[in-house]
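In this note's numbering, the protein residues as written are 16 to 85.
Hints were generated in silico from the structure; no laboratory data involved.
Hints may contain errors.
Unchecked claim - Think about it this way: if two alpha-carbon atoms lie no more than 30 Å apart in a straight line, the pair counts; the simulated DSSO-like pairs of lysine-lysine are:
1) K60 <-> K77
2) K60 <-> K34
3) K34 <-> K77
4) K72 <-> K60
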Amino acid sequence: MPEGSCVVVVTTDAAYRSKENFHNPLPFRPERWLDDRDPVFDNGKREVFQPFLLGPKSCIGKPRVFPVKA
16 MPEGSCVVVV TTDAAYRSKE NFHNPLPFRP ERWLDDRDPV FDNGKREVFQ
66 PFLLGPKSCI GKPRVFPVKA
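Throw the hints in and build the complete structure from the sequences for me.
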């Protein structure tokens, strides 16, 4: 890394557990991600959740997950 470079580290965990982003964020509630979900989750910022991220070090399982149809 070149001298004088700025390194920024962002923890996504804080965003996932924030009450500003999700109603009752701590319990495992997979239904919050469904299109046909309880209205209590309608104000959740689902775009905050980015499990795979981007770049050369993104999740190696990404190609295996997206072909799955519910």
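Violations among the numbered hints, reported as their numbers in ascending order: Checked against the structure, no hint fails, so every one of them is satisfied.
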